[in-house]
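Those protein sequence lines, which keep their order, are chains A and B.
Heads up: the first sequence begins at 1 in the UniProt record's numbering, then just goes up one per residue.
Heads up: the second sequence begins at 1 in the UniProt record's numbering, then just goes up one per residue.
There's no promise every hint is true.
What the hints assert, rightly or not - Below, a list of computed lysine-lysine pairs in the DSS-like style, where the Cα atoms sit at most 30 Å apart: (1) A/Lys-153 - A/Lys-87; (2) A/Lys-12 - A/Lys-153; (3) A/Lys-116 - A/Lys-12; (4) A/Lys-87 - B/Lys-39; (5) A/Lys-174 - B/Lys-39; (6) B/Lys-39 - A/Lys-153; (7) B/Lys-39 - B/Lys-57; (8) B/Lys-39 - A/Lys-12; (9) A/Lys-46 - A/Lys-116; (10) A/Lys-46 - A/Lys-174; (11) A/Lys-116 - A/Lys-153.
Because the hints were derived from the structure by calculation, they are not lab data.
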Amino acid sequence: MWQFFHKLGSPKWFFGIATRFMPWLLAGGLLLLAAGLIWGLAFAPKDYLQGNSYRIIFIHVPSAFLAQSIYISMAVAAVVTLVWRMKLADVFVKAIAPVGLLFTFLALFTGAIWGKPTWGTWWVWDARLTAMLILLFLYGGVIALDRAINDEKSAARAVAVLVLVGVVNIPIIKYSVDWWNTLHQPATFKLTEKPTMPMEMWLPLLLSVLGLYLLFGWLACIRMKTEILVREQRTRWVRELVLAGRK
Amino acid sequence: MAFDSFSAFIAMEGHGPYVWACYAVFVVLLAGLMVWSVKRNQSVLGACQRRYETDAKTSGQTTRKAPATFTRVEISQD
């Protein structure tokens, strides 16, 4: 167990594993996402209440899922950075923060467009919407803080602390629809209950969520590889790897 | 198929602009992030390669040190 943990901390080991998994993540992600989106756009039945505008759900919900999952994984990595000083954990946080920012923006943007025909307005200061906006600012803050500090180790620690402070926002986003009775509809996915949607709507949604998770895995791998190259370019193994790849 | 014709599919009973705008922005931004990540990976890889190559060329030779001058001294402002 501990050996595995130490291996996981080694940038060299990660580099090899990531290179091996990346084609599968990319192919699987694109395939599942395309299947889910085409099914959702063209073949799923229309909603009896919202009509065809509900089809935005097939990108809105996956984006919102990713936005929160990425933040939670960043928080776990932040703990690892602070407790074990593992370099790879900090590489992870730095590499995926922009991805999280993008998905949070997409969740807000698609939500705003969905809100216009459904609620009659682009934006309301609903509890969930506001909490998501705070998440967007948190991602922005993480990226800005990391860029503002030149020293790698101080930047890693400052960013980790900011990520951990911001994690309080995640349960607020999750339970906002239960705590405050405002415009946003309740959760679509529940682990403990049967889905309230019919299968023909729920399955394509599941496919696009899984596809986007795989694509996120691919994005995390390639961005972490870039970051490792930048940080470890003076080491012998990177030098050998780069020179071997040139032939 | 949930629609009778292709034009009905595009129009989505009046909800077309909302739905298609969302999907377009989603696809463009996601693809953009993916392409940007690949490009950045390649440019960093290329920079590493060039650096190692110039290192390999200059190693083994006596590198000429610039003569000391007193004209300009960089002082850290920290």
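Status of each hint after checking the structure:
Proposed proximity of A/Lys-153 and A/Lys-87 is supported: the alpha carbons are some 9 Å apart, at most 30 Å. Restraint check for A/Lys-12 and A/Lys-153: the C-alpha separation of about 19 Å stays at or below 30 Å, so the hint holds. Taking the CA atoms of A/Lys-116 and A/Lys-12, the gap is near 49 Å; set against the 30 Å cutoff, the hint is violated. Distance hint between A/Lys-87 and B/Lys-39 is fulfilled; the C-alpha atoms sit about 24 Å from each other, no more than 30 Å.
Proximity of A/Lys-174 to B/Lys-39 is assessed by CA-CA distance (about 35 Å); at most 30 Å being required, the pair is judged violated. Simply put, B/Lys-39 and A/Lys-153 have alpha-carbon atoms about 27 Å apart, close enough for the 30 Å limit, and the pair holds. In summary, the hint linking B/Lys-39 to B/Lys-57 is supported, as the alpha carbons are separated by about 27 Å, within the 30 Å threshold. Straight-line distance between C-alpha atoms of B/Lys-39 and A/Lys-12 comes to about 21 Å, which keeps the hinted pair within the 30 Å bound.
For the proposed pair A/Lys-46 and A/Lys-116, the alpha carbon gap of about 18 Å is at most 30 Å, so the pair holds. Proposed proximity of A/Lys-46 and A/Lys-174 is supported: the alpha carbons are some 27 Å apart, at most 30 Å. Only pairs whose Cα atoms come within 30 Å are accepted, and A/Lys-116 paired with A/Lys-153 is rejected, the gap being roughly 45 Å.
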